[in-house]
Every structure is written in C-alpha cells, then in structure tokens.
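Peer 1: This is what each chain is made of:
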Amino acid sequence: MNSDVKRMLDVSFSETMKISKLASTMEEKGKDIISLAVGEPDFDTPDFIIEAAYEAMKEGFTHYTQSQGIPELREAIAEKVRTENDLDFSSENILVTPTKQAIFMSVLAHLDDGAEVILSDPAWVSYEPIVKFADGIVRRAPVDEEDFSLDPEVFFSYQDNPLEFTEQSNWENFRQRRYESYKGHRHR
Amino acid sequence: MKAIRDIAIDNDLLVLTDEVYEKLVFEAEHISIGSLDGMRERTITVNGFSKAYAMTGWRLGWAACNEELLENIAKIQTHSITCATSFAQKAGLEALTNEEKSEEALDFMMSKYKERRELIVERLNEIEGFRCSKPTSTFYTFPEYDFDMDSMDLSMHLLEEAKVATTPGAAFGDKGEGHLRLSFANSLENIKEAMDRIESAVEKL
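Chains as they are written, first to last, in my numbering: chain A, 408 to 595; chain B, 487 to 691.
For reference, chain B alone in the conformation it holds in the complex (with noise of 0.2 angstroms):
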C-alpha cells in the first residue's frame, strides 16, 4: 500500500477506494490508504452501511476527502440524487451511535461467514477441478477451474444442470477469466448442499 502511495504522490495521482467490506475482515488488518502520509489532499474514502449492517436495500453509504476534492461531488448530488433517504439516515446514525448493539449483530453475522468460510473452501478444493485459496475477508470465495470452458458458459452450466446460480469470473475482468465467484452469504445448509450438487455436475465435464 505504501507503494501505492508512493506512485500517488510521484505522479500526481488521485485515489478512489471503496472501504466498505471494511469490518468483513477475518484475519486481516483493514487500513486506509487515505491515512497514510501525503494522501490526505488526494484520496476519496467511500464506504457505508450495506455490508457491516445489511442495509443494502437502504441505499446508504458516503464519501470522504478534503473539502477541495468534496466540492464537485457535492454539486453533483444537488442535481442528481438531491439528498439521500431522510429516514435511512436516522437509521444510519443509530446504527453508527449504538455500538453495543452494532458490534453484537455484527459479532454474529462474522461468526456465522466464519463457518461458512470453512465449510466452502473445504468443499470446493474436495471437488475435482475447482482450487480455491481461502479469503481472508468479505464472504466471498474466487475458485479458479480447470474445466475446459469460459466462466460465463460455466456458470450457466452450474445454473441450469445444478441448479445453482454463481458468477462468472470474467464479469469482473480479463483476469477474472478461469475463475467462478462463489458467495457464502447464504445458511451453511444451502452451502453444502450447493457444493453436492455442483460436484455431480462437474463430475460429467
């Protein structure tokens, strides 16, 4: 990340980083690139409720960087959105203002990816084909394949013969090519029965 930084102020760089996934973290240390020397004037900190309080459907989050860089971006906002959910705010505030109960939900939610986590990695290296290196945050999995076929075609295959629906790497870019996203944000026993099922239905490919 240092080096990073370093390019940013070599060149003149702006940096844009999502930090939302921020408190999915198992093993890691998040730390924002926006705190390290120099990058205050040139970094945009995005992140918000979604992830850490399933609030997705809320529809709320921000953005935070000097008030230079804020400026256009807030004009925009006047034209376009004019201002986020009233009430989705409030709820925002209580989420940020009630630690107790944030870190407890929180806690929970961990706890149960943590199982997941296990459950799948395991899974996916046990199943012929699949190689998958275990995440150390979000509840996301990005096994690669060996399958002699592109991700999208893959995906539709597991969709329609498994009746199991993942996202083809490739959405995600050239690189993303080989690989299926897999996400554990879903009941330990719909995890292992997806993974039994995706096992038959590879064992023909």
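Chain A extracted, bound-state conformation (with noise of 0.2 angstroms):
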C-alpha cells in the first residue's frame, strides 16, 4: 500500500519527543535517568483545580459541550485577556482548545497553499511541521544568539528576495518535483 502522502513527505515525529521517550525506555529498564528534556513543570495540577473537576464529573459534566467552548470560561478567558493582555476581546472571540490544536488549527485555517511562514530560527519544534503539513513554506529568520530577540532587519531581507510564483503551474511544478525526490525515499 502507497504510503507516500504528500502532505505527510515533510512531516515527522516531535524531536523533543523522541530523546523523551528514549529516557522513558531506559528508566523503565531500571537505569537511573535524570531528565532535563521535559517540555512541562515538574509540579503536580494544584488540588483547588482537581477539585473542580472531580465536582464537575461528580455532577454529570462529563457530555459535549459547545464547540467553542463554556460561556463562563470563556467569558473568564476574555477578561483575562482584557486586563492581563490589553486585548479588546469579549467571549465571542475566544475559542477554547488545547494550545497545540490552536496552532494547528490557526494555521490550516488560514495558511494557503504555498503562502509563506516567517519563523524565528530556533524556534518550537512543530511550527515548522505544522506549516509544511498545511502546505506553506518556511522560511526561518534567525534570532540574537544571547537574548532571542528578532532582528527586523531580517524580515526586510525575505521581501527584498520573495519566493515568486508568477503562474500557478510553477508552484504545481515545484510541488510535483518536491513529490518526485521524495518518491524513492521511504524514511522515516
């Protein structure tokens, strides 16, 4: 069976999860691991949250709910952004999702085919899989190496030298080449 998707060609696992699950694999073999690669706090959810929702299920909370989520959350979100944020932003312009699947879904939903991506180098491992998976194109605008920060003068850079696609045929031939070389390569 054909496995090769195009939209899945430039896609693969989370680096940050790999060395992750590695450690995992030793540390159940017995070997004393210490883990520096964790992605999240050590710390435990508070028990004033868990109570929350051990009393929510208690009630029978436990059905869909909007798609967008709970008035009251996001009403409670809205101000947050209202006053922690500066953004002037009622319930109507929140959408409660995990944050990853916000990213994800941000970019599907507004990333064209062939648009461009300007991401900072480093950056978040799944950015960048997650542009090629909506079928745009990086292109990665390096930080200050001691504090991060972009340098706009990057930026002025890509527009001096944009990626011109004067006919649609060449972003199909382009894309159809990308196809090709990967074609004989089963990785990953």
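If you're looking for bench data, these hints aren't it; they were derived computationally from the structure.
It is possible that some hints are incorrect.
[Said to hold, decoys possible] If you only want the chain B side, here are some residues facing chain A, beta carbon under 7 angstroms, derived:
id	residue
1	532
2	534
3	550
4	580
5	657
6	658
7	671
8	680
Heads up, the beta-carbon is just placed ideally off N, CA and C, and yes, glycines get one too.
Combine the two chains into a complex, taking the hints into account.
Peer 2: This is the structure:
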C-alpha cells in the first residue's frame, strides 16, 4: 500500500519527544535517568483545580459542550486577556481548545497553499511541520544568540528576495518536483 | 516588537503568537503583540493553562482573535475535536477565577524555578566547554557548547554516559545546532546531580 501521501512527506515525529521516549525506555529498564528534557512543569496541578474537575464530573458534567467552549470559561478568558494582555476581546472572540490544537487549526484555517511563513530560528519544534502539513513554505529568521530577540532587518531581507510563483503552474511544478524527489525514499 | 508590528502592517501579514509562557517571566515584562495599534485585526493570540497552572496533561487552552479570523478556526474545531474536555473546562474556570489560590500556586512554582535557574546557569558556566546565558523567562536554558560533535550526538552521549536526558538544539532549527536545551523543571537535587554527571561525561570529550 502506497503510504507516500504528499502532505506527510516533510512531517516527522517531534524531536523533543524522541529523546524523552528514549529516556523513559531506559528508565523502565532500571537506569537512573535524570531528565532535563521535559517541556513541562515538574509540579502537579494544584488540588483546588483538581477538585473543581472532580466536582464537575460527579455532577454529570461529562457530555459535549458548545464547540467554542462553555460561556463562563470564555468570559473568564476574555476578562483575563482584556485586563492582563490589553486585548480588546469579548467571549465571542475566544475559542477553547488545547493550545497546540489552536496553533494547528489557526495555520490550517489561514495559510493557503504555497503561502510563506516567517519563523524564527530556533523555534518551537512543531511550527515547521505544521506549516509544511498545510502546504506552506517556511522562511527561517535567525534570532539573536544572546537574548533571542528578532532582528527586523532579517524580515526586510526576505522582502527583497520574495519567492515568486508567477503562474499557478510554477507552484504545481515545484510541488511535483518535491514529491518526485521523495518518492524513492521511504524514510521516517 | 513595534518593528515586527510595522512589518506586519506594511505587508498585510497575519501574526500568530503563542503566549503560553506568559506567567513564567522572571525579569522581563510580557507584552502581547496583539495589543499594539493596528494588530487586532491581524493577530491570533494563543495561550493556555499548561505552564502557568501545571495542567499540561489536561489539554486546555484557547485562541483569541477577531471574529473574522476566529470563524474558520472554529469550523475546524467542529470537525476535529468537537469541543475541549468538558470537566477540564470547569477546572480551567476555577483556575482563572480563584485568583488567590492560583497566585499562591504560581508564586510557589516561580520561587522554585528561580532557585533552580541560579544553580543550573552557574554550574553550566563552570563546566569546561559550555556557555549559558541566564534566561529571563520559562524553565529552559539553551547553552552553547564547544565540543566537536553535533547536538544530537552530544545529547545521546549525555544520555548514555551521564544518564541525563537533554534536548538537542538542532531539534529547534539549524541555528539551534551547537546548543542543547536543558530544562530546569526538575528538583534542585536532581539538577545538582545532573550537572555533576554532565561535568564528568564531558571531561572525556
């Protein structure tokens, strides 16, 4: 069965999870591994938050909710972004969803085929695969080595050197060439 | 940030910003780019509960943007996860509205992160071959190293020899090569131990 679906060709497993997985395997085998590879707090969720979930479950709050999120939470989030982030939004401007999912869906919803994305280098591992999954093109913009700030000059350099697909056929040819070069390689 | 705003406006760009580490800031001030003039109509601000409330496993966050941008994102939601976990949403509501307890929990975590940050940066800079600047936010360091090997090889070496798991800098892009990412989301004792082990493991290099 041909598993070379075009949109998957440039998508690999998350590198950060690879090492964590290997470390877990070693740990299961009894090795004393200390992990400094974790991308999450080592603290557990505070009790009062857990209690709220537990109470909700006991009260039968185990069904679908409005797709956009329960109104009270959307309102609380809107209040937070208004007061803490100076974003002029109401609950109608909020979609409750896992953060990573929000990124994934935002890209899929708003990035057209062949559209360019300027992404800092280094950047979070999943941005590039997500953009490629959406058939976008990634242009990396190096950040300052010391404080990771973005240099706007880098963006100007891309303005002077835009990717040009003057005819629709050029983009199709580009995609087809990319696909052909991968067809022979069954990797990842 | 204003320069990025100017570029975004001049070129009619969309900006996607993930502010999930917003509360894990030591020295700097967090500013949302979406709040700058001209950005409301072109910025999708994403955030969540994972880091600030230690809720990574709950899978809960949000997207905030103008209604025009939100519409198509919301459509995909209806055809993918349908909705966020129901009782997790209730938990998120509690986290946001119980400010007193949330602040207490966050203050505790931040004080721990601060201690660990001091230790890990100091120790890394003491180890021959590593150079580490002090992060102003998050629980990550991104030290560079002098050893003649790529970051994946160094990471593997440290895992095998020192039994310490780290993340190769190359995972984050070509410019990450020559760096490792070391998280300090671990106890002070473990970090101390890890630093000693790393020191031994790289002596041989």
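Peer 1: So, residue 658 of chain B near chain A? Judge it on the closest CB pair being under 7 angstroms.
Peer 2: Since chain A brings a Cβ to about 3 angstroms from residue 658 of chain B, closer than 7 angstroms, the hint holds.
Peer 1: Please check whether residue 657 of chain B passes as an interface residue: C-beta within 7 angstroms of a C-beta belonging to chain A.
Peer 2: The hint holds - residue 657 of chain B has a Cβ within 7 angstroms of chain A, the shortest such distance being about 3 angstroms.
Peer 1: Hint check: is the beta carbon of residue 532 of chain B less than 7 angstroms from a beta carbon of chain A?
Peer 2: 4 angstroms, holds
Peer 1: So, as I understand it, the hint says residue 534 of chain B touches chain A; can you test that by seeing if any CB pair is closer than 7 angstroms?
Peer 2: 3 angstroms, holds
Peer 1: Would the hint on residue 671 of chain B stand, with a C-beta cut-off of 7 angstroms toward chain A?
Peer 2: Where the cut-off is 7 angstroms and the nearest Cβ of chain A is about 5 angstroms from residue 671 of chain B, the hint holds.
Peer 1: Would you check whether residue 680 of chain B satisfies its interface hint, that is, whether its CB is within less than 7 angstroms of any CB in chain A?
Peer 2: OK, holds: residue 680 of chain B within 7 angstroms of chain A, min 4 angstroms.
Peer 1: When the nearest CB of chain A is found for residue 580 of chain B, is that gap smaller than 7 angstroms?
Peer 2: 3 angstroms, holds
Peer 1: Please verify that hint: residue 550 of chain B, Cβ, nearest Cβ of chain A, below 7 angstroms or not.
Peer 2: Holds: closest Cβ of chain A sits about 5 angstroms from residue 550 of chain B, inside 7 angstroms.
In summary, the structure agrees with every hint in the numbered list given earlier.
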